[in-house]
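**Q** The listed protein sequences correspond, in order, to chains A, B and C.
Our numbering puts the first sequence at residues 1 to 259.
Our numbering puts the second sequence at residues 260 to 899.
Our numbering puts the third sequence at residues 900 to 1157.
Derived by calculation from the structure, the hints in this document are not laboratory data.
Ideal placement from N, C-alpha and C gives every residue a C-beta, glycine not left out.
Hints should not be assumed to be uniformly reliable.
In the DSS-like style, the derived pairs of lysine-lysine whose C-alpha atoms are separated by at most 25 Å in a straight line are [what the hints assert, rightly or not]:
#, chain 1, residue 1, chain 2, residue 2
1, A, K12, A, K120
2, B, K291, B, K280
3, A, K45, B, K749
4, B, K738, B, K512
5, C, K995, A, K12
6, A, K45, B, K765
7, B, K318, B, K280
8, C, K985, A, K120
9, B, K318, B, K291
10, A, K145, B, K344
11, A, K77, B, K652
12, A, K12, C, K985
13, A, K45, B, K755
14, A, K23, B, K757
15, C, K1078, C, K1143
16, A, K145, C, K1112
Take a look, some chain B residues computed to stay more than 12 Å from chain A by CB distance [unchecked claim]:
#, residue
17, E785
18, Q851
19, D860
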Amino acid sequence: MTLRVWRQAGPKALGQFKDYAAKDLNSNMSFLEMLDVVNDELTLKGEVPIAFAHDCREGICGTCSLTINGKPHGPGKGIATCQTYMRSFHDGDIIVVEPFRAAAFPLIKDLVVDRTSFDKIMQAGGFITARAGSAPEANAAPVPKGVSDLAMDAAQCIGCGACVAACKNASAMLFVSAKVGHLGLLPQGQAERDRRVLAMVHTMDEEGFGNCTNQYECSAACPKTISHDFIARMNRDYLGATLRSAFQPEAASSDGGGA
Amino acid sequence: MATLDSKIPSGPLADKWRKHKVDIKLVNPANKRKYEVIVVGAGLAGSSAASSLADMGYKVKCFVFHDSPRRAHSIAAQGGINAAKNYQNDGDSVYRLFYDTIKGGDYRAREANVHRLAEVSANIIDQCVAQGVPFAREYGGLLANRSFGGAQVSRTFYARGQTGQQLLLGAYSALSRTVGQGLVELHTNSEMLDLVVVNGHAKGVIIRDLVTGAITRHTADAVILATGGYGNVFNLSTYARQSNATAIWRAYKRGACMANPCYTQIHPTCIPVSGDYQSKLTLMSESLRNDGRIWAPKKKDDAKKDPNTISEADRDYFLERLYPSFGNLAPRDIASRAAKRVCDEGRGAGASGLGVYLDFSDAIRRLGENGVRERYGNLFDIYHEITAESGYKTPMRIYPAVHYTMGGLWVDYNLMSNVPGLFVLGEANFSDHGANRLGASALMQGLADGYFVIPYTVGDYLAGQKAGSRPSIDAAEFKAAEENVTGMSKRFLGTKGKQPVSHFHKRLGKIMWDHCGMARTKEGLESALQKLPALREEFHATVNVPGSGDTLNQSLEQAGRVADFIELGELMCRDALTREESCGGHFREEHQYPDGECKRDDEKYGHVAAWEFQGLDKAPVRNVEALNYEFVKMSVRNYK
Amino acid sequence: MNLVGSFFGSSIGRKIIMALTGVILIGFVVGHLVGNLQIFQHPDHINGYAQFLHQLGPLLWVARIGLIAAALLHIWAATVLTLENKRARGGDYGFKHTIQATFASRAMRWTGVIVLAFLVYHLAHFTLGVVQTETFKETAPLNHYVMQNDYRVAGFTVVKAGTDVANVHSMVILGFQHKVVALFYIVAVGLLSLHLLHGFNSLFQSLGLRNAKWSWLLHKAALALCVVYFLGNLAIPGAVLAGKLRPQTAKVAATAQR
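So that you can see chain A by itself, here it is in the shape it has in the complex:
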């Protein structure tokens, strides 16, 4: 097998593809283990190994990225790169390995990109404000099972960025809508629902992500197969929140005061 890997020494360096022969592979090897083997060989030869992001290697931390033959996370459906096994490829294949590409994910080195922009979106509104110690009894507010299950579908997002990498517009709509959907579905999330969607979308735009053109490459590439239905839900939420924030009366003061 031949690996055609994107090598780029740093953010400002010029990048290019470089070919590596991958030998002695085993079909039970994961794609990342194959890269480990290639890297060990490079080190033995005194070359600089390929930098790639990885951590849990069980498809849940969202660290691993890689666009393999043009598809984020490789050929499988509903799995991450770390869950891709060499049995998905054939002898003699040329496998093209590239970083997740998007202006909002600047490249750090080789196959590693900076996804801080996702954290910034979360910091803008991806939460329910509930400080430790203030929570009511957990069973005080029932949540219909169907609603809770749907929220869980969205909450499964691992924040890997495959949706952005797969979208021709590098849009983060699936990522943002998964969090907006998860928290917006639950009764606990209602108090901040409008603020949340407005703030998160605003930050998403600021971070330089593109727009949704409803091609749904994002959900097709998502290792957790999160549905683009959540994008529709977010659009509706955004529309509602915009109208409400424009027309709803506001209190004259929100301060405490007093003695």
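Starting from the known structure of chain A, fit chains B and C onto it as the hints suggest.
**A** Chains B and C in isolation, oriented as in the chain A frame:
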């Protein structure tokens, strides 16, 4: 000799925490912002601690080596989180959760700590639900529970097979909120490489920016480590590849005691190893043992056969046979060792002979394939991805793997180590699980420490420190610590040997698994203690770390971590050798009952062993904290 | 952000503008087709219909300005979004691969541009009469037509029999007798149908009305709409080219009526 004062409050067990909360000192709200606290690590414990302290008004700096706090390995916990809510009306209570945890830990945990953990468990569920964690629910909209190993009640809350993920994302959302509000200064891609101790107190850290290579000094009034466990000493484990012991190990080298490092948990249900290249073992959630039955062939000759052709009469459901009252839900250490014994007898399944079957055919008959899919579909999918076999058609093959470390830095009841100002939370400390952790208890501990313990206890320490008294980063201790760090990097990069870091990690893992794994002997440990210093020397002499220190350099990161693992491995073996008994995850073959169960020696070893660093070439000092059981009688653990 | 800022300044806001203007434009092209299909009836119908629209006077201009505004907003949003998307994409992949995006969705930009070019030609042709002037309703030999019967809308007579009106019927037929013009028209409405296929589907998503439970139905409806729309549009130049529709003078038409 370090002084190990556990600071356990006096009084009845159930009143200790309440009383302590009344007794400890407070910092008034206006003064809180004058104190700066450093939190290292942003998993369950770190994120919850950082956000809670920030909400209280402290200035918080949080450092995490991942590119985002959401990557911490708490995310991978599958099964669930325990809480004494008694929603099932099956007789659960704080006391029962406490008792199960103490017993599950083979009577090697502190009573007071465990009781506090059980007390706050219910608050954790409340807190998480308020944050929007989508726990599984029943049709009425109320929370659902499942059962887990080592308990006879259903007290485990779960979110599909991704409970850890949902809890971590809950804590991450709280952390994100406080970062967004400007209350926490978050530093990602930032690895702690040294602890700075000034006048005997922990007052800062040295950080390497993994992207730019910049080394920076950070001062604080208190330092909190929540950096997880050290199971990657074994190389192959269910840990994430980057999980490491560097923060706690460097703190150890600055004087913090390392307690019970030999207590490692081997999880019974992992997918067996398939080759030398393997980097990772994947866990199959303990929840599978609710419906799956574990067996091995009765006859050695059947070991290589297709399991579907082995008749019912020739199958040995060994957990059900040995432990009829807990059956397949026996605690992890017990189940793991039983599987090992079966394989050692030559009855192990698969090409390597290291595996037993986890069979769902009964469950499929009872619930239908779809019923099983509904409960465990994602786990069957994981199994299929890795092995290309279907668990619905053939029994899964499983084998134990390193999963958790109960040992860690020694802490008192306030979660403060013997170095004042250094607090240690979650898996990084040793406090709550004794010699073995029960399933669904790690998540509970991480969040208990971060949300409900440290917010109180850190104030007790800070109230005694003058506001604004933290040292300047120009202090001599900071300079020395930074030089230590840059020196290490220079040495790794300058060695220019041949072998990659992974070569040494694999060899370390093999030594540790062979001699300090599921079963340990005096001879084995002694031979490991010969091999490890030699490995350490060879590593430093012949490792090849390509590239430079001023960019992203994963080889350099790994070199530092593996260097620490080798040293820590040595301490683990030393601890295992000196603990002349078997308990929980520590099994010494010399100390067992005729049926192969652990034989404890409460008289001699009913204590915590806390190791104190004396320099690399000197043997560390073994300090002892007696475990004074006042409320529970230490007895033989019986799951039969 | 204020209301205007939220709609014009944000990504989702502009998608909503795209969708709402799309609804208007879809409404127009469908209505336009239905009106035009009257060409298959007696010339009184399409000529009376055209006369009726002209008689609306200021109302016609309100509608026209509305449509122009919708079209301009649609184009503006598309342009801004496209430029932003190009910028957001950063570098291109060395290995290009599409997982499942439909051809229609990937062709939106160039179908949109070609349809725009067609629209300009179409207006110049049938509304302004600056191309193919020899067929234009007000300049061509068959430019006048005398209504045989009353033209009614919703039961009200809006154009009386005997009124002298512009001969739209013959203009369309004469126009389409040029094969190149007819073919350009067919290709353009084909691309417009393709544009609508994704656009119609998309607007439900952008307005937050679509979900997986009924999207299969939406998809079928979109496909049906586009096929019918295309066939309807194909029918007119098709019938002209096939010789089924011929220009008729008022007299001939009157004879045919009896």
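**Q** Looking at the structure, which of the earlier hints fail to hold?
**A** Checked against the structure, no hint fails, so every one of them is satisfied.
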